[in-house]
Amino acid sequence: MVRDVSSSLEELEDWYEEFDKGFPEWYRRLRKKAREIFKEKEKSGEPVGKYGVDFNLLDYLPNLSSPKERLENLQALDREHREAIESVGVDVKEKERLGSHLQQDTVITYQKLLAREGIIMETPEAAILHYPWLRQFVHRLVPIDLDKYTAFCTGYSIGGAFIWVKEGVKADLPLQACFLLETEKLAQLPYILVLAEPRSKLNVLSGCALSPKCPAALHGSITEIYVGEEAEVTFNLVHNFQPGFHVRPKVGVMVEDGGTYIENYIERGKPESSQLFPTVILRGRNSRAELRSFFFARGKADMDIGGGIIFTGEESKGEIVSRAVVTDEAKVKVRGLLKAHAPRVRGHLDCRSLLLSKNADVKAFPNLSSTQPDAILTHEAAIGKIEEEQLYYLMSRGMSPEEAASTIVRGFLDVAKGLPETILNWLRRLISETAEEIF
Amino acid sequence: MLEIRDLTVEVDGRRILNGVNLKVGRGEKHVLFGPNGSGKTSLVLTILGFPQYKVLSGSILFEGVELVGKPIHERARLGLGVVFQKPPVIRGVRLGEILHYLGGDSTLLHLLNLPEEFMNRELNAGFSGGEMRRTEILQVLAQKPKLAIFDEPDSGLDVENLEIAGRAIDQFLRDRTGIIITHMGHILRYVQADFAHVMLNGRIVCFGSPSKILAQILKEGYKWCETCPQALRS
Numbered sequence: 001m002v003r004d005v006s007s008s009l010e011e012l013e014d015w016y017e018e019f020d021k022g023f024p025e026w027y028r029r030l031r032k033k034a035r036e037i038f039k040e041k042e043k044s045g046e047p048v049g050k051y052g053v054d055f056n057l058l059d060y061l062p063n064l065s066s067p068k069e070r071l072e073n074l075q076a077l078d079r080e081h082r083e084a085i086e087s088v089g090v091d092v093k094e095k096e097r098l099g100s101h102l103q104q105d106t107v108i109t110y111q112k113l114l115a116r117e118g119i120i121m122e123t124p125e126a127a128i129l130h131y132p133w134l135r136q137f138v139h140r141l142v143p144i145d146l147d148k149y150t151a152f153c154t155g156y157s158i159g160g161a162f163i164w165v166k167e168g169v170k171a172d173l174p175l176q177a178c179f180l181l182e183t184e185k186l187a188q189l190p191y192i193l194v195l196a197e198p199r200s201k202l203n204v205l206s207g208c209a210l211s212p213k214c215p216a217a218l219h220g221s222i223t224e225i226y227v228g229e230e231a232e233v234t235f236n237l238v239h240n241f242q243p244g245f246h247v248r249p250k251v252g253v254m255v256e257d258g259g260t261y262i263e264n265y266i267e268r269g270k271p272e273s274s275q276l277f278p279t280v281i282l283r284g285r286n287s288r289a290e291l292r293s294f295f296f297a298r299g300k301a302d303m304d305i306g307g308g309i310i311f312t313g314e315e316s317k318g319e320i321v322s323r324a325v326v327t328d329e330a331k332v333k334v335r336g337l338l339k340a341h342a343p344r345v346r347g348h349l350d351c352r353s354l355l356l357s358k359n360a361d362v363k364a365f366p367n368l369s370s371t372q373p374d375a376i377l378t379h380e381a382a383i384g385k386i387e388e389e390q391l392y393y394l395m396s397r398g399m400s401p402e403e404a405a406s407t408i409v410r411g412f413l414d415v416a417k418g419l420p421e422t423i424l425n426w427l428r429r430l431i432s433e434t435a436e437e438i439f
Numbered sequence: 001m002l003e004i005r006d007l008t009v010e011v012d013g014r015r016i017l018n019g020v021n022l023k024v025g026r027g028e029k030h031v032l033f034g035p036n037g038s039g040k041t042s043l044v045l046t047i048l049g050f051p052q053y054k055v056l057s058g059s060i061l062f063e064g065v066e067l068v069g070k071p072i073h074e075r076a077r078l079g080l081g082v083v084f085q086k087p088p089v090i091r092g093v094r095l096g097e098i099l100h101y102l103g104g105d106s107t108l109l110h111l112l113n114l115p116e117e118f119m120n121r122e123l124n125a126g127f128s129g130g131e132m133r134r135t136e137i138l139q140v141l142a143q144k145p146k147l148a149i150f151d152e153p154d155s156g157l158d159v160e161n162l163e164i165a166g167r168a169i170d171q172f173l174r175d176r177t178g179i180i181i182t183h184m185g186h187i188l189r190y191v192q193a194d195f196a197h198v199m200l201n202g203r204i205v206c207f208g209s210p211s212k213i214l215a216q217i218l219k220e221g222y223k224w225c226e227t228c229p230q231a232l233r234s
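Quick mapping for you: the protein sequence lines, in order, are chains A and B. Sequential numbering of the first sequence, starting at 1, is according to our numbering. Sequential numbering of the second sequence, starting at 1, is according to our numbering.
This is chain B alone, in the form it adopts within the complex (with noise of 0.2 Å):
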């Protein structure tokens, strides 16, 4: 479905992502792991067009078509969706707003545990991290999208919350294709992932079984990875 071809992006002229290759077929749910800075969240815009992302070579193809060069909302409309770590403060239009833009309703806030006023509550604007990442989980859900890329779902969840979004999150994959993109893996208590990756310097070094590398990660920390010999081959 998603198929990214030796990709390479800079920002401002400092290069940010150096040779990415990653392939992520339909139905499948992979997890990205990586440290602070290592590129995921740019790897992320960049595969929606953020155009301060610059394409310097590669391809990011999706069901076969090529993604360079379209704005942002073809690409949604293609199919992509993405749940954003830092979603910007929006005064004035509500969140009910872009749910029915959406097609979706005031249901899916049970979904999140969320109650029925955040229909009218600003986008974002004071908005606890918990908050904020409920809503824009429901955004996507209400999206549909035919891949969805999760960015941190699970930064700034308590624990009752966090199980609420991860069992969101892998309902709603269960058979769709997926991205899920965490630091610290706690979200893969709750979402069942096929296949994981880390990201090191804007590389993607490892691949392999979620379970292993997350239980290595946890045990070793992303220093270990830098001095894997597969990692240094890569």
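This is chain A alone, in the form it adopts within the complex (with noise of 0.2 Å):
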């Protein structure tokens, strides 16, 4: 189908060229180029993206937000927004966290690093004048032409945050950055760079709510991570979002030598369609990567969940692991790409779902491509029930079915890694609950 560009998307062109204003040359023209891709897309009626489900982008509006008062901290935001952002691991009294950033909308109402040298966390706006430097590493990882989706996100974003590390500074505490939607109808399309320099730490816990009174609307991000050599970044996404919700956070890293990257994902919501598939390309030798992605599909979610990496370096070794717990109506779509381009990799993709409901239905997509000899890549995927017999035996021993069944569940789910104890304690509390919701 062909859809007319229309009238609002003029009146967005006025509204970015003001918004851009101010910016350095080569980032304007970017951005513009990127709205011309995503014009051009539109009028040729592509669909929002390879993956997952088909949707009008513009049904929803990049800058609707209305104005936001800055926070003293995170505890002084109002109840139900509080209970939202700590529904995905996010803690308002900031204990055991390095730091917290708060976007509301596409306003960041709070932004505070409690630790230390070595670590600057800004705006990807401030950050794009502040150093001009980052002309090299801003959407560079995720093309801006790779679908229609990324073309709109990187023309219309506004927010993200930019964390950068510098050499040797280890961060062992999470870095908590929240995405509240607030406003009905908007498109929240935060930028996130993490630049990570050689032998630094980071971990990440990115966690994306909604506000109770906001019945629809869509959340998407571009993120770009590089993992200098020899450095360990660790990027959790966790995410709460209900029906009338469309999410499609995309993410590019490049590692380098010895450099590790580990992201776990997990969704405990029922989003309308959720669409995600990291990439991760493997530069550096012995580099490594750690895809994982455990959900509850619940409701009529539709999700297309998967990641690939690309393996350049040699001896690099990646694992994509990602586990789903798919019921009532929902349809899931389980994705993994390896592509091995360098000698002596290792890469292994496990993808296993449980299926609880007989209106539910689950695809599994494995992808292996290699064009060399001495690569080695497995996968193993399964799609099943609950075993009967691991049903049996814990009930044997005075479990009752419920119970004996959602223990099954959470064990299954139990796949979380490089995650500081704190939040791997909090995420197990979650995966409990949820499982017991389901029985």
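Read the hints as simulated data drawn from the structure, not as lab findings. One or more hints might be untrue.
[Claimed, not checked] Derived pair list, reagent style PhoX-like, types lysine-lysine, alpha-carbon separation capped at 25 Å:
| hint | chain 1 | residue 1 | chain 2 | residue 2 |
| --- | --- | --- | --- | --- |
| 1 | A | 50 | A | 21 |
| 2 | A | 358 | A | 317 |
| 3 | B | 86 | A | 385 |
| 4 | A | 300 | A | 50 |
| 5 | A | 93 | A | 170 |
| 6 | A | 50 | A | 33 |
| 7 | B | 70 | A | 385 |
| 8 | A | 385 | B | 54 |
| 9 | B | 23 | B | 54 |
Once you've looked at the hints, go ahead and assemble the two chains, each given alone in its own frame, into the complex.
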């Protein structure tokens, strides 16, 4: 179907021309180009992306947000919003956190680093003004013309975070970055850029949630992460979305020699649709990546979840692990891509789904390709119900069928890695509670 | 405590227990011998209530309560505990979690010569035969059932661990009631049993003193049982 480029697009163009004034020329041009690509793709009737359900991006506006006041601290947030961000692992007292970042709609209302030298956190807009050399990093890992959505997100993004950890600085505590959606029909499109210099360590908890009064919106983002030599970055995405919400976080990662990237994704809610396909390029020799997703697909959620690892560094290693608990009328597609282009790399794909309802649907798409005779790529994919033998076994220890089933589901989802103990314990509690809701 | 009367059971339309009768009094320890495929494990899983074991006739009374028709967990809560011969692997579920659920803790590990790190091991994942046997026994010790059933607790154990497992079972059963199923009888070197039964073709055919029956089996094998006049009569 061919769509008209509506007059609202022209109004948007004026708004963004104004918004982008003051930024360096290269950045303004990049954004304008992205918007043009978006408009072309929109005109030609392209779907939102290669994967995931299609919907009309122009049903959502990226610049709708009303003005917000800056917060003294996270506890100053009103109760319902506080509860919303707590539901995705944010600690409003900021105990055992490196720092916090809160974006409400498109406005960053709180940003604070509780520790230490060698770590910089700013808005991406400020960072682009402060550090001209960022040009070599911005929008280089997630191509702006990858699909209609990346063009939309690049051209119209507002807010996000720039996190820069300097050489040798090891931050063990997690930095919590929270994105809260409050306004109906808003397209929240933050841009997140992470630079981890050689031998640094960073753990990011990115929690995305919504205001209970907001019935429908779009949460998208582009995240680009550069992991330097022997650096280690753990990026945790915890989401709690509901019907009416489309979720499209795009993540691109590049890892240098001996570096490690670990990603954990968990969805605890029931989004209308969700599509994730973080892509990691293991460029460095001996670099390593682990992409882990473990989620419940409930209600009528349509989730297309996966990830890709491209091995271009010798002896690099990567693993993609996914665990989906699928029930009600949810539809799930699980994807995994391993591409070997360097000698002696090892990759493994492990996708398992528990299907708990006859009305739900799971499809697995493992995709392995190699040009290297000495690369080893393996995969296992399984879709099944809870094994009766396991259920009866736990019941013989005195557990009710519900207790036994939720214990099995909890175990099934217990695959998180690289998380600090406090977050891991929180996550286990969360999985437990959600498993109990199902049975 | 347990009284099984004329129990006939089938699985997938195939009859596997043919009129089993068994009476276990409070505080008694019984041994159940029998060749492979004679129906010993089927009897255990029927007592426990695994749904694929369909009771065609007969009854299973536990402390006067009819178990037939009750779900597995209710039977466990009434006081039945089983050491499984082939427990399933359950990924992500830690042994420690189950022990806590059963009210036990890591001190039990020492009793069975298992290192502390087993608390964090996934249930039966990558366990050796001996480790599996010992962690099974461990769970039943934590469960403290009124009637403990041990299905081949001696299979896959080396000499040292056989002694450890045997002594743990013996001590546990000292003031409790138990049924021990064994093929070769190794565990009886350490566990004092009061009565023995022999199972053949889904039926209990022989009843008597554990040492006498074991000696006969070790001497002549289960083939002899098949020709025994007492067995033929039953």
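Evaluated hints:
1. This hinted pair does not check out: residue 50 of chain A and residue 21 of chain A have alpha carbons roughly 33 Å apart, beyond 25 Å.
2. Only pairs whose Cα atoms come within 25 Å are accepted, and residue 358 of chain A paired with residue 317 of chain A is rejected, the gap being roughly 37 Å.
3. With a CA separation close to 20 Å, the supplied pair residue 86 of chain B and residue 385 of chain A stays within the 25 Å bound.
4. Taking the CA atoms of residue 300 of chain A and residue 50 of chain A, the gap is near 21 Å; set against the 25 Å cutoff, the hint holds.
5. The suggested pairing of residue 93 of chain A with residue 170 of chain A holds, with an alpha-carbon distance near 22 Å, which does not exceed 25 Å.
6. Of the supplied pair hints, the one linking residue 50 of chain A and residue 33 of chain A holds, its CA atoms being roughly 21 Å apart against a limit of 25 Å.
7. The suggested pairing of residue 70 of chain B with residue 385 of chain A holds, with an alpha-carbon distance near 24 Å, which does not exceed 25 Å.
8. The straight-line distance between the Cα atoms of residue 385 of chain A and residue 54 of chain B is roughly 23 Å, inside the 25 Å bound, and the hint therefore holds.
9. This hinted pair checks out: residue 23 of chain B and residue 54 of chain B have alpha carbons roughly 21 Å apart, not beyond 25 Å.
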